[in-house]
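Line by line, the protein sequences give chains R and Z.
Numbering-wise, full-length UniProt numbering puts 346 at position 346 of the first sequence, and it's gapless, one number per residue.
Numbering-wise, full-length UniProt numbering puts 60 at position 60 of the second sequence, and it's gapless, one number per residue.
You can take every hint at face value.
Quick list of simulated restraints, FRET-style, between CB atoms:
#, chain 1, residue 1, chain 2, residue 2, range
1, R, GLU304, Z, PRO118, 53 to 59 Å
2, Z, VAL140, R, ASN33, 49 to 55 Å
3, Z, SER312, R, LYS129, 31 to 37 Å
4, R, ASP370, Z, LEU57, 46 to 52 Å
5, Z, LYS142, R, PHE125, 55 to 61 Å
6, R, LYS67, Z, MET24, 44 to 50 Å
7, R, ASP38, Z, VAL65, 47 to 53 Å
8, Z, LEU57, R, ASP97, 45 to 51 Å
These are calculated hints, taken from the structure and not from any lab test.
Every residue gets a Cβ at the ideal spot worked out from N, C-alpha and C, and that includes glycine.
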Amino acid sequence: MNKPLRRIAIFCGILILALLVRTNWLQYVEADNLNENDRNRRIQIDRYASERGNIIVDGKPITGSVKTDDTDFVFKRTYVDGPMWAPVTGYASQAFDANQLEKLQDGILSGNSDQLFFDRTMAMFTGDKKKGGNVVTTLNGAAQKAAWKGLGKKKGAVAAIEPKTGKILALASTPSYDPASFAGYAAKDEKAWNALDKDKNKPTLNRALREIYPPGSTFKVLTAAAALEHGAVKNIDEPTDTPEPYILPNTRTPMTNLVTGCENVSLKKALEISCNSVFAKLADDVGREKMLETAEKFGFNDPELFTPVRVSESVYDKEMERSENSLSAIGQFNTATTPLQMAMVTSAIANDGKLMKPYMVDQLESPDLDVIEKTEPEEMSRPISPETAQLVQQMMENVVESGSGKRAQIGGGVKVGGKTGTAQHGANNSKRPYAWFISYAKTGDGSQVAVAVIVEDAGGTARDDISGGGLAAPVAKDVMQAVLDGKE
Amino acid sequence: MSVVTNTTTIGAIEAPSRRNTELMMLAFAVAVPVFAYINVGLALDGKLPTGVLGYGLGLGLLAAVAHLVVRKFAKYADPLLLPLAVLLNGLGLVLIWRLDQSQRLIQRAEYRWGSFSPDAPKQMLYSAIGIALFVAVLLVLKDHRILQRYTYISMAASLILLVLPMFFPARNGAKIWISLGPINLQPGEFAKIIIAIFFSGYLMVKRDALALASRRVMGLYLPRGRDLGPILVVWAMSILILVFETDLGTSLLFFGLFVIMLYVATERTSWIIFGLLMSAAGAVGVATFEPHVQQRVQFWLNPFAEETWRQSDQIGQALMSFGAGGTLGTGLGQGNSDLIGFAANSDFILSTVGEEFGLAGMMAFLMIYGLIVERGVRTALAARDPFGKLLAVGLSGAFAIQVFVVAGGVMGLIPLTGMTMPFVAAGGSSVIANWALIAILIRISDTARRPAPAPAPSPDAEMTQVVRP
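Please work from the sequences and hints to get the whole structure.
Here it is as structure tokens:
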């Protein structure tokens, strides 16, 4: 009987071996997939197992963590001025996952990141409880508050950048939401979540980074820069040889101006009074390829811009007719941009032609406040030469001094350059236009802040009164003022 | 009769009893779970658990009693079986106690049944009863061959045990329980031992007929029609269990056990082929009309599907638990295997092992089970009588199949069945029955390794020896 016995022994061995192979498969090969499974509650449990680190602005946390008596989630996220900061923080909810910084820096905030391995190991020996690290942002509390207050009940967004470094100083979006309202997983959290989800005004949309708008006349700044850079205009004070009416190339459509006095006007004057015809002609002189090249250097058509929160791709159409190129150059046709993108254009001009990569995380800190990672300012591109940049600055400053941007004047030795925009949209311009304003403020120490403001729909304002200069410029002024006040 | 040469045993000279080896390993088998217990306490509360003394003393006492009884009444028994079983039982207690501390499970129990009662003390009691049965078996059963006398009584007993649950209400979808007032028994656990006794006795008598009276067809020895009777009966029984008790595990165990023992008894490969064909036909046949079986297969194939998740998230939760353990595990008391909820400390206790001990711990656990099986089969090889051989291989085979079916089910290797991990899972029947199983294996190994007594001075004996070369 021993021969079959040996075979049975082998058979039993194979059974055990099959189990051993299976456990290796599950716990080694498949482990990562299982750990990332959407149904795995451990992700959420881990996120709230220990006191979550904070997101910091100006040295003060704008988030918090409270202990709960729940068995699954020991801590719950809280927010300071949640709606104001939501475009920066995003949310971290026990029931609805997380987004933006809360999600992207979850490793640091929850304390599970490999970058915190050393701290965790030390804590194991010292017996300390695991704690999350902090995310220190580049934002400026006063500027953010100015932006938030300036937008008020209006629908819109503000993005402000420090031109020399690319630090994002303000990032506001209205209407907003309070991430604390659905931080838990109780019935009321679900109700709040569903209400936000169904809201027609899309309060959870981060308009500053994720919504693309037709830029309208603010885009003329870029067109002016391209014209100077590519030699279509040599002197900003010389006449531009523009007929009135200007007929769009290869068409019979005249390019209408909303103002008079555009015939053969100089570039500087054209920007001041915002002549459509001049910029439409210049774009055609520069040519589509060169226009596209400059726009892309300023950051258009880049789907991979991370601040680290992803920024939606701003568009300057790659395939179009000459006439369409002319329309695009005045911010119409398919041209569309995020508020941050317009702030980047402004900041590159204000920084003498050097575009810095925008970022909002200054540094990551371990739970004992050691710096783990610091973001260094990084040059993204040089869309225009310093000479061109200075000429465009002159023109933009002229707009604020004597053109449509008067309401952004600060005075007291601060040079402010800007450009208004009133972007029509909807079929036959049926919808309420968007009011734009882009500007920068320059002191003796160079450019301090570049800002883009858009007001989507100013409830209560008569349609004819919607203008970049009237609605958006005061907001931009307050934001710039707040940044400058902070520097003193 | 001056020179006694015994050609059948290892040697007449003082065979080592290995009892001291066993004692030393028992010390480890008690120490490891005690450290594990302390580990859980430190991880959960940050201080030494108060129960550690009682737990350590209890486990130590049980191990000591078992050891002394083996030392006295089964001196030559295999030295590994007892320590391995004590280690598993001890770690099982720690795991159950650890899950008793889970707030998630406590709240769940309070919500569902209004109150929560810890399982660890009960399991300690069951372990004590198990050891008592172990001692009783060794004391009463001086020679395993006595069991041969009860072949047909065993048959009757096992039939009753297997059929009884049909008359009791299903618990959690499977009819594998009998409830007598406050006591709930899983008769299948006991039936697997008793049925092995029956098969051994039956096959020992019939093996020649089954092995020799056969026709050779296409290189295979096919049994005669009338010899097919018993296997058909057993097959029909296991199909009935599957259909009426919706218990895939017991059915598989029962049939697999029979095929293994039939093969060993007859040395005919044809039986294995026959057995496999029959079980495949049976499983497929039943699966076509039995929704419970179909459902289990669906759960197994799509553990994360929406449909599965709505009905039962157990397998998916168990799989994620294994994944969460990774290579080294989260450490005792620090995992979330309690997310499984229902049956976390019984059928699914292995996922706690996987999550908190990691891959390393799982391999160790499986190897311990593998070692027990290996020592069992080795005992079968060493046994000198066919009944002992059959019984030993039957018991270890049943043990191996059970481990495979349960662990394979929890790890998603095969469809899940309602059985428990021997010694580790919470549940009285399982622990008690498996201690009896180990006791019988120890008894057989003792008989097998015991130096043969000097043959009685009988003329017959001498004559037989003369004939040998």
